[in-house]
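Chains as they are written, first to last, in our numbering: chain A, 1 to 409; chain B, 1 to 409; chain C, 1 to 409; chain D, 1 to 409.
If you're looking for bench data, these hints aren't it; they were derived computationally from the structure. Don't take every hint at face value.
Since the list gives no way to pick one copy over another, a pair counts as held whenever it fits inside one copy or between any two copies.
What the hints assert, rightly or not - Pairs of lysine-lysine, DSS-like flavour, derived with a Cα cap of 27 angstroms:
hint	residue 1	residue 2
1	Lys-395	Lys-47
2	Lys-319	Lys-214
3	Lys-396	Lys-139
4	Lys-319	Lys-395
5	Lys-130	Lys-24
6	Lys-304	Lys-389
7	Lys-176	Lys-130
8	Lys-47	Lys-214
9	Lys-139	Lys-47
10	Lys-105	Lys-279
11	Lys-24	Lys-250
12	Lys-24	Lys-105
13	Lys-24	Lys-139
14	Lys-395	Lys-105
15	Lys-389	Lys-288
16	Lys-41	Lys-24
17	Lys-389	Lys-342
18	Lys-214	Lys-396
19	Lys-342	Lys-105
20	Lys-105	Lys-139
21	Lys-4	Lys-24
22	Lys-209	Lys-139
23	Lys-47	Lys-396
Protein chains: 4
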Amino acid sequence: MATKENSIAHPTLIQVRFPANQQKGIHNRWHPDIPPFVTVKPGEVFKIECIDWTGAQIGNNDNSDDIKNVNLTGVHNLSGPIAVEGAEPGDCLVVDILDVTPFDKMPWGYTGIFELNNGGGLFAREFNSKAAKAIWDFKGIFATSRHIPGVRFAGVSHPGLIGTAPSAELLATWNKREGQLIAECGNCVPPVAFPPESVGSYVGQDLGKDVLEKIGREGARTIPGREHGGNCDIKNLSRGSRCYFPVFVKGANLSVGDLSFCGAIEMAGIITFSTSIIKGGVEKFALKQPIFLPSPIDPLYSAKLVFEGISVDYHGDGKQYNMDATVAYKQAALNAIAYLQKVFSREQAYLLLSAAPIESHVGAVVDSPNACVTLALPLGIFEHDILPKEDGLTKKDFGQCAIRSDGVV
Amino acid sequence: MATKENSIAHPTLIQVRFPANQQKGIHNRWHPDIPPFVTVKPGEVFKIECIDWTGAQIGNNDNSDDIKNVNLTGVHNLSGPIAVEGAEPGDCLVVDILDVTPFDKMPWGYTGIFELNNGGGLFAREFNSKAAKAIWDFKGIFATSRHIPGVRFAGVSHPGLIGTAPSAELLATWNKREGQLIAECGNCVPPVAFPPESVGSYVGQDLGKDVLEKIGREGARTIPGREHGGNCDIKNLSRGSRCYFPVFVKGANLSVGDLSFCGAIEMAGIITFSTSIIKGGVEKFALKQPIFLPSPIDPLYSAKLVFEGISVDYHGDGKQYNMDATVAYKQAALNAIAYLQKVFSREQAYLLLSAAPIESHVGAVVDSPNACVTLALPLGIFEHDILPKEDGLTKKDFGQCAIRSDGVV
Amino acid sequence: MATKENSIAHPTLIQVRFPANQQKGIHNRWHPDIPPFVTVKPGEVFKIECIDWTGAQIGNNDNSDDIKNVNLTGVHNLSGPIAVEGAEPGDCLVVDILDVTPFDKMPWGYTGIFELNNGGGLFAREFNSKAAKAIWDFKGIFATSRHIPGVRFAGVSHPGLIGTAPSAELLATWNKREGQLIAECGNCVPPVAFPPESVGSYVGQDLGKDVLEKIGREGARTIPGREHGGNCDIKNLSRGSRCYFPVFVKGANLSVGDLSFCGAIEMAGIITFSTSIIKGGVEKFALKQPIFLPSPIDPLYSAKLVFEGISVDYHGDGKQYNMDATVAYKQAALNAIAYLQKVFSREQAYLLLSAAPIESHVGAVVDSPNACVTLALPLGIFEHDILPKEDGLTKKDFGQCAIRSDGVV
Amino acid sequence: MATKENSIAHPTLIQVRFPANQQKGIHNRWHPDIPPFVTVKPGEVFKIECIDWTGAQIGNNDNSDDIKNVNLTGVHNLSGPIAVEGAEPGDCLVVDILDVTPFDKMPWGYTGIFELNNGGGLFAREFNSKAAKAIWDFKGIFATSRHIPGVRFAGVSHPGLIGTAPSAELLATWNKREGQLIAECGNCVPPVAFPPESVGSYVGQDLGKDVLEKIGREGARTIPGREHGGNCDIKNLSRGSRCYFPVFVKGANLSVGDLSFCGAIEMAGIITFSTSIIKGGVEKFALKQPIFLPSPIDPLYSAKLVFEGISVDYHGDGKQYNMDATVAYKQAALNAIAYLQKVFSREQAYLLLSAAPIESHVGAVVDSPNACVTLALPLGIFEHDILPKEDGLTKKDFGQCAIRSDGVV
């Protein structure tokens, strides 16, 4: 008979309840001196709760003033570190991402366009971005938005940010090379990179003042991805995937955060893990960065409309770039947005492209001077037919997404 | 009863028999003054034969001297132009790529590593490339190579190069912006772009001397992709896909070539098309570049091993780049090659990655300073298990691919 | 800012806490006179808790005595009925199965082989079945079993049993035709069908004695599938699917139960729904039975080993059957079990085939006298390679599943 | 350089040119005494030409009189036998189906409804079938039909009929069990099975009179599938699949025919094979019937509409059948036809369902008394939207398929 005694829930090892900067088990810097907050054995199944990357600053409402005024000094918040018994530098930490779900009590997330001068984003300059957002309601495996009617898609829930702790040597390498880039670029807007910064540094544990100061002074910001993983925003590193991380410190010290429902639908929620260790895996697999096996349950939308982009015309100037896949990627995205604007508003089109399960492929980076990148938009997420048809596309009355209370877009 | 009278083959409108530079219906420059070689009606199904991009310079043999000495002045050879009745500037030309097959009489193709100073390639500098190649035998829908044992994969046969003819204005724009890039970059090796060049210019038709000189002087090289399509090397623009091209000249003047079996397995063969026209489609679909619907029969290998790359360390120098997806893509590819070298030789690993049905996704280009790109290698193409396992990977005795007759690699 | 006020959980409309036969909102007969237990509006998202089909009789332990002694008089238990405002006979009730999950507090399920004389099953006679079971541990989206080592698969979670309430006329039709079959078959073992039965009849509501007696006397057993849906055990009617049911009574009166994790991993848990109504849908869609759209997140295992079966040799007697797809299906399954027995024990092989995400296709039922049915076993669920290889398959030391405490198998 | 000398086509070992009953290398009976027509070595790639199953009796025209009057005494015609060097009874013959294509010169096929009294078919009695047909034009990987406008689908080209030769013992078993079925069923229409028949027997080789008579007297008809493979009509045993056959006679003696483009689009064409042998494979893999690995390039249409069927009401009589998957399959198909008749004519709907890449799954055969079978119709093959919508479906003016010249349907 099924009983309480033979039905044991998997334990939740980090719980989030308070404001981010008072929460134990949350940190926002990478540093080898942040001790593990919890320790697990290989094979154990456990859950970790995560706040959203901003620390709950964004609300489920219909204007974007919270996006406009978001405080970014403390981002991104991570849950951890989690030590795995027996892991040592040079090993490979195998992490099974068994599930990623929103909280039952909080079935929504958001996609934001950030202001050019506060957060920026892919088209911050092209669009002279003003804050806007779409709230997405989670309905089981699907999300819909009252701010972008007519679409519904299944989530590729994933941690935007997951990685092992760097060693002191690796951290020094990061700080050196990123410092050089900052030095070269001067006062770019938006900034090219973010140096260590004591203000806003938070480790989620009671540590000595010296250590806290050292972490504030040296700790790498959690914004970008690096050799240990970090903020790679890889949609397909989703629930069900198996990831192989290089280990740089004793215990591996895994941290995770920035949960997303799909493309960039930011959310708070729960991630379920189990881990194992392959001794000497860094050498065995030539592991310079994480590698992973994707999930068998990533949504399958076989019909797609694909947009191409080439490395020309970064800011509308028609300039020829030299085999630049970033420019080509932007062009493909701009071409998709232009297409979607035949149906949606400009802000809706931009937000939809950020949120949806798109796939962007690097086609070619060998045919000088043009890199070619494609972006595939699944057709199955639209309630209406958006295929290219004889009669063209029909602009629907889909209103507008959440914008600033002063009405500026 | 089935009879000859009720069984009519689809016509072959361009046939290739002679050396490339004597062949009618072949050209290697983009120019509005190259007249259509054939004209078709919308809805008609027809076949076009193509030579490989080098014009049959590479042989089915076991050394790579032909790669080393390849003459690149005439590349890439295209079949066409094909005019479609009724197409006018501003229209959208819908092209169904109904099939792409090798010739029955020539069931093989090749993947090459070109010399740093003659052809280059993605890792020409990192590898100080010496000529190497793999011959792939086509066995129905599959390819195998005696030069890279232990792999077999289904083809995503596609035209590497397909596009409509540019208008005079568009051609002028190309020449201007590419000229500026060349001017800025001076004598880079390999070159950043290729200006118009009379030597080797070929149009495949008997035209007046003035026109030929004009085309030689102004005609855009067929090497890169541009707004009309061109050499985008998009694996998924494969047989079965439907492509929407902007039309710039009366008749659209479609040309095609550079057939590939999969990633970069170069081949000669036959492409089957049908076309239709959407009047005013450029405006209707905001068509700055081609868009397309992928094929329902692209091979499905659900299990994949995914490699990550970030925008650091372009040439082994550890340098930090600013959100550069090209660098991140290269890193992901180098990580995959390093992994494959645990099993194959360096040249085999590089060639295999060029040939196989890999998929490279742009993960993120918003988390300064690191772009993150992933590269997915399907596991189903290997006869042996290449998953990361407790015991590591086993170096097999897989010999070596075709190398130079002087033995230099 | 995210607040409690703007974060509202979807409501749970039926909760299960007590023994099945004391639980409100649970019933085990189909009858139009069972009133709705809850009523919802179209568009509302809501959750329904379900007990497992046996009412929690099976435990998470290592012998199968609970399977051997299971009491089947009360099966299958359903949660409901759920009325949808506005639904009327002749309408189509659209049901979105938004999610299906086990309880957090009960992360396990089971697959059972039932005794020939108590529950039976597909091969009850061929195997002279003795009770056995495998317990499956749910680890996020995956299940593994200590009783069948070496396999892990992602769940296609689904309600085995879901349907709308029959009208009095439809119920009478069922009782008549099934009664005739029972009359014809006499005392078959296992029985060919189950007539209405007052003993064990349960409706989960306080109703008058007359009504309860009528329901006991007339109510259709919940065991088979019928025109309203019911126990179809359609694996692909899974979370994420959209189902269109014919409506036979005012409110439609939907009921659901018999949750499964994958093939036949029985579990208790939570199903999330939303509904809508298409007026007159039965006529609009010629709706004789439910139709549905599958989920975009059903697990994708592209590599499969497929077994064939023909309509011969039902019970090892070599007899030729006339185009009988049931016999062909059994043969295909027996062929798969024989193959798996090269690696696993007989009981493990049988249970694995019951639990795994297999797909069985009807190949042909036109080539007299043999129907041909195939059964596809995904290769990606095995930790070891089970492909047909030169050296054959290797019997692993995988122990045995849970068997009877008297050791009889 | 690519040359004629290094470009060798795969050989075509059986060519078809004459009427079927004069053609060498064609036979229409299974018998161990038919000697191999060609012999191949393991590993060799070779091509085999096949006529369609009727021997070219059906024409590319617009009436169905040829279907009405088809002569079925000689069907199905097979190409072969093909001996593989080294194969012996008890071995497993591995057959790679490398490609299956129509002849270039004959880019069309057909789907037929056969008369109740001449050929029959799945719904011969329900529909009181009158001859009808649809001609499908092959356009690269796609087929379209002027007789069923508005659909286009990619082919899952496959041999409907492929198998190894039976031993004398196996043949005797077939003849005995099928003879018993025929004896039991008397004069059913359509017949339940077909006994050996000298009239129309053809072996495609010059053999002695005694042998020819023996083959005529004993040879199994090629209509059904059996333990050796045969006419299983398994759509997914398509080009790109790898099949494992049991070997019953020295050389295995493989034969093949009845090529199809997709569901049941009959065609003549070319199949490309290679083979290998696993010694003792019958025992190693418990090989009672063939098993196979599906192709990686089977078309992927993720969006599907699924119809359910239960084992009730075989001939419109409402009768309850006992767990009969054949009846359930028919019900699912009839439900799909009823749905499609909202758009197409009855004959078009029936033919479309026969031709299209549908998938029929056996859901459950354990919930007495109803087997449940589903049939999935891919949505991507329709040019118009056939989803269940608020407004219902729209009957299009799609004319009618090819019918008898006397106009009877």
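Tested hints:
| no. | hint | result |
| --- | --- | --- |
| 1 | Lys-395 / Lys-47 | neither (45 angstroms within a copy, 36 angstroms between copies) |
| 2 | Lys-319 / Lys-214 | between (45 angstroms within a copy, 25 angstroms between copies) |
| 3 | Lys-396 / Lys-139 | within (24 angstroms within a copy, 36 angstroms between copies) |
| 4 | Lys-319 / Lys-395 | neither (32 angstroms within a copy, 47 angstroms between copies) |
| 5 | Lys-130 / Lys-24 | neither (34 angstroms within a copy, 53 angstroms between copies) |
| 6 | Lys-304 / Lys-389 | both (15 angstroms within a copy, 22 angstroms between copies) |
| 7 | Lys-176 / Lys-130 | neither (34 angstroms within a copy, 34 angstroms between copies) |
| 8 | Lys-47 / Lys-214 | neither (30 angstroms within a copy, 49 angstroms between copies) |
| 9 | Lys-139 / Lys-47 | both (22 angstroms within a copy, 10 angstroms between copies) |
| 10 | Lys-105 / Lys-279 | neither (40 angstroms within a copy, 34 angstroms between copies) |
| 11 | Lys-24 / Lys-250 | within (21 angstroms within a copy, 54 angstroms between copies) |
| 12 | Lys-24 / Lys-105 | both (21 angstroms within a copy, 25 angstroms between copies) |
| 13 | Lys-24 / Lys-139 | between (30 angstroms within a copy, 26 angstroms between copies) |
| 14 | Lys-395 / Lys-105 | neither (36 angstroms within a copy, 46 angstroms between copies) |
| 15 | Lys-389 / Lys-288 | between (47 angstroms within a copy, 17 angstroms between copies) |
| 16 | Lys-41 / Lys-24 | within (21 angstroms within a copy, 42 angstroms between copies) |
| 17 | Lys-389 / Lys-342 | both (13 angstroms within a copy, 24 angstroms between copies) |
| 18 | Lys-214 / Lys-396 | neither (55 angstroms within a copy, 48 angstroms between copies) |
| 19 | Lys-342 / Lys-105 | neither (37 angstroms within a copy, 44 angstroms between copies) |
| 20 | Lys-105 / Lys-139 | both (12 angstroms within a copy, 22 angstroms between copies) |
| 21 | Lys-4 / Lys-24 | between (30 angstroms within a copy, 21 angstroms between copies) |
| 22 | Lys-209 / Lys-139 | neither (45 angstroms within a copy, 40 angstroms between copies) |
| 23 | Lys-47 / Lys-396 | neither (43 angstroms within a copy, 33 angstroms between copies) |
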